[in-house]
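Q: So the protein sequences, as listed, match chains F and X.
Sequential numbering from 1 applies to the first sequence in the numbering used here.
Sequential numbering from 255 applies to the second sequence in the numbering used here.
Since the hints were derived computationally from the structure, they do not count as laboratory data.
Since this is a predicted model, take the numbers as computed values, not measurements.
Here a beta-carbon is modelled for each residue, glycine too, at the ideal position from N, C-alpha and C.
One or more hints might be untrue.
To be verified - Under the rule of at most 27 Å between Cα atoms (straight-line distance), these lysine-lysine pairs were calculated in the DSS-like manner:
| id | chain 1 | residue 1 | chain 2 | residue 2 |
| --- | --- | --- | --- | --- |
| 1 | X | 431 | X | 378 |
| 2 | X | 435 | F | 97 |
| 3 | F | 23 | X | 268 |
| 4 | F | 72 | X | 267 |
Said to hold, decoys possible - Negatives, chain F to chain X, calculated, CB over 12 Å:
| id | residue |
| --- | --- |
| 5 | 131 |
| 6 | 163 |
| 7 | 170 |
What the hints assert, rightly or not - Covered by chain X, according to a simulated footprint, are these stretches of chain F (three or more residues, beta-carbon under 8 Å):
| id | stretch |
| --- | --- |
| 8 | 86-92 |
| 9 | 106-113 |
| 10 | 201-209 |
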Amino acid sequence: MTSVKLAKEELERLISLCETIAKTGADPYSVDVKAILAKLRSIVERAGDTEILTLDAETLYRVALVIALQHKWLKDRASSLLVDTQLITLKILSADKKSLAQALASSWRPIVSAEQLTRGMVAMGLEYFLSLPTRNLKSPATSEIGSEVDFRQALNTFSQREEIELELKKLHSEMLASRDENGEVGYASFISREGVEKTVERAYLTAFIVSEGLAEVVKNPITGKVTLKPYESKAERRNVASMVVVLKEGTVLV
Amino acid sequence: MSEPTPEQSAARKKLSTAMAMLLFTSHRLPGVRGYELRRRLGKNYLKVIESLNHRLEPLGLCVKILFETPGDRQPGEEDYDRARYFITLTDPLSLSDIVAAGWRIDDLAVLSAALALLYSRGGKAPRQELLEMLESKLPKWRVEAALERFSRRGYLVDAGDGVLSVGWRAVAEVDQKELIKAVANLSSVADGRQEQTT
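In isolation and in its complexed conformation, chain F is listed as follows (with noise of 0.2 Å):
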């Protein structure tokens, strides 16, 4: 009874074992496969009963599989694409993140696909939605369902985009307008010209402004100081960074 236990343990540890090998993509050679063969022949030899025998057949299937990895990570090997993990691991510590990044942009090209739905699409699916037959609800939530009337509100906001753009151009040409001897403007004078109320908004749009490359802003790194550098038409960037503005009671805090 004892050694049909030890036995079972023993094929268990091998399967587990032989799995491991195969899950962590270790090297599948530092597994002994012909002591692990005899060993199975030993078991094998001495068994009487149909679990042992089962446990048996699985392990065989598991070293099978081994030998199976074994061939391929010979292929591997003898391929060009082999390069030794010591190396690459010890490439990857010594490196900065700015050259791990470049390494990974030289090499990939990333899928094109769209994902945002076009106003056409909206529109669709609005005419779908209100061509549905209204269901008798008769809780007190109906009246918070939103009539054909918002829902064609909520369409048009997209037609916003529009005015945005014109309050762009306006906001631009003030800024450029407004342009020192330097050909610079103060940040934080210039977006809470027209009052608190209007500050938010203007630094919004500014933002567009710059995103678009048609301003630039410069932080003087020892006053602290922010202008923005506005352009008659789009510039090209030498470097592309990010700046949180902060405004506190009306007040910018850059």
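Using the hints, position chain X against chain F.
A: Then chain X, alone, in the frame of chain F:
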């Protein structure tokens, strides 16, 4: 200009249908399966894809086919039907373009290191080992958050058994050979400093 023949109109319609199918994310994942293309474009869908590829080439785009079971043998009709088709860029973007598109350098470094290590290990490695290596460069919370995000996006696969493997998206987007070559050619930070002082 003469009126297009019905055949030309039909071919143009098929091209635009193929383009729309490849670009729009109809399910959770981008791209489309071969059998879906066959259903919409007919049995000669591979010719339509080839023609679309020629038209996309001058725009810096190409159609990429990702087979379910990559192997050395020549893919058969069934393999093409089960494969996933995407549109990808032909040439890599510059690092500043990627950053401008909203990616963080830290996240890119995590993905680069993770993929390089996984490729050098034949496609999988223990998660803990990868975490320990990356923690020497970045805070643990940032590494864990990045790995989680990349698993969700399909760049990595975390089966939950403590082992990370290369995901479908990395296979589709990242050139394994080029990445390994670029990482192997990286000069260390210390080397860089030494070069600057000499």
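Q: Each of the hints needs a verdict: does it hold here or not?
A: Now the hints, each set against the structure:
1. X/431 - X/378: holds, 16 Å
2. X/435 - F/97: Answer holds: residue 435 of chain X to residue 97 of chain F is near 17 Å, not above 27 Å.
3. F/23 - X/268: Distance of about 44 Å is beyond 27 Å: violated.
4. F/72 - X/267: Given that 27 Å is the threshold and the Cα spacing comes to 45 Å, the pair is violated.
5. 131: Nearest chain X Cβ is 22 Å from residue 131 of chain F, so the label holds.
6. 163: holds, 26 Å
7. 170: holds, 26 Å
8. 86-92: Answer holds; 5 residues pass the 8 Å Cβ test.
9. 106-113: As far as the stretch 106-113 of chain F goes, the hint holds, because 8 residues have Cβ atoms under 8 Å from chain X.
10. 201-209: Violated - the stretch 201-209 of chain F has 0 residues with a Cβ nearer than 8 Å to chain X, which falls short of three.
Hint compliance for this structure: hints 3, 4 and 10 are not met, and every other hint is.
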